[in-house]
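Asker: Guided by the hints, dock chain B onto chain A, whose structure is given.
These are the residues of each chain, in order.
There are 2 protein chains.
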Amino acid sequence: MANPTAAMLVIGDEILSGRTRDANMYHLAGELTKIGIDLSEVRVVSDDHNAIVRAVSELRAVFTYVFTSGGIGPTHDDITADCIAASFKVGIDSREDARKALALNYENGEADFNEARLRMTRIPDGATLIDNPISHAPGFSMENVHVMAGVPNIFAAMVKNLLPTLDHGAEVVSDSFRADLSESSIAGPLGKIAAAFPSLSVGSYPFFKEGKHGANLVVRGTDAAQVAAAIEEIRITFEP
Amino acid sequence: MANPTAAMLVIGDEILSGRTRDANMYHLAGELTKIGIDLSEVRVVSDDHNAIVRAVSELRAVFTYVFTSGGIGPTHDDITADCIAASFKVGIDSREDARKALALNYENGEADFNEARLRMTRIPDGATLIDNPISHAPGFSMENVHVMAGVPNIFAAMVKNLLPTLDHGAEVVSDSFRADLSESSIAGPLGKIAAAFPSLSVGSYPFFKEGKHGANLVVRGTDAAQVAAAIEEIRITFEP
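Residue numbers (the numbering used here), protein chains in the order written: chain A, 137 to 376; chain B, 137 to 376.
Since the hints were derived computationally from the structure, they do not count as laboratory data. In this text the structure is predicted, and so the values were computed from the model without any measurement.
One copy or two, either will do: identical chains are not told apart, so a pair holds if it fits within one copy or between any two.
Calculated lysine to aspartate or glutamate pairs in the EDC-like style (CA-CA distance at most 20 Å, straight line):
#: 1; residue 1: LYS328; residue 2: GLU251
#: 2; residue 1: LYS225; residue 2: GLU279
#: 3; residue 1: LYS348; residue 2: ASP248
#: 4; residue 1: LYS170; residue 2: ASP303
#: 5; residue 1: LYS345; residue 2: ASP267
#: 6; residue 1: LYS225; residue 2: ASP184
#: 7; residue 1: LYS236; residue 2: ASP267
#: 8; residue 1: LYS328; residue 2: ASP184
#: 9; residue 1: LYS348; residue 2: GLU243
#: 10; residue 1: LYS296; residue 2: ASP174
Excised from the complex, chain A in its bound form:
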């Protein structure tokens, strides 16, 4: 049976402005691959209501799961929760379970809430919370959409809590061989090997360093014996 599919939606100007290099995409991609959920698409959009709503609505209709990162903090540019509510056409308000979770941060509990803190407890109607063991402002799951923080260590902690609760597929195993040849010498024989193993994904990732061509040839699949057989075929074909 095919593995469940997933999309990730990264929300915020940080990557689009070139200010920071992505970390959450890389982390989630690795974790999903390990448990047999196929990450099929990633989108990065800015803190723009219409852009976020459109992306959420498109992706949740197509993929088994959608994972979002970013935009659930207390500042004016944190609009993800409202966009999720708009995509699902449900209400949104401060909720008691979220207030209880966030209150763990403060000496006097909810008595220490200000408007900004209260904002982080606004959850779309019908969603369930995702625990945030680090800063206690929760994420949430709304049907197949899982909404998490953008701060990398908090994102990773939420992913760790969430993934064991999801249906997943067969673990994808991979192996690779580094060929010190140009891709144009590799292409013909590699295409034949890929065709001989139709259940596997066979990729060629070229590099060009210090004046020399090369490519990492990567085989992925859920059948470890097939992966090993394909890599052996590749090794025999391309080793010097």
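Answerer: Below, chain B alone, put in the same frame as chain A:
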């Protein structure tokens, strides 16, 4: 006048499988910001014909420019050029200018071409070439879609050749202030400052390190004096 907008489409399984961490997105985002082209969306899709064609067709209809990376090499999984031709509904074939460029790699020129090398000279009808000074397999521009290699140093070289030929806007300048406060203390006053400078983008990028909350407050805009004024306001408000 508003700056031109752009989308980037990253093509290939490398990032989606968690095998590699993005480099091209980060590079392009920084270069576009410098010259006043607003990167508004990034998509990452796998080596799948329908997924690539759909993304190209959607993005080129919405944004001033679309930049793609990946999938123009010689192997079986390199299908970007065909997908661009399909999106524009034009033919595609090996072209003399592309053959001449690629032939620079080989002692006997085009006489050394094999099927894989010839594949890299297939260019959609009506496109113009983007020079590849490193490995000579060209990228190409088809109307507002600019197709480049995925290998990071070749991608960067193509971007360097391409960007000076495009219309661009006013350079975006930015400045930042690091506040050692939780975002929930920052949110109220920062929202007021953002509202007072409507021509600027004011962002808050929280972090949580060694048990301490903090946020980098970043101001961006095309008017350097306004950016400086907003940062001064932020400094006065949030410095300890």
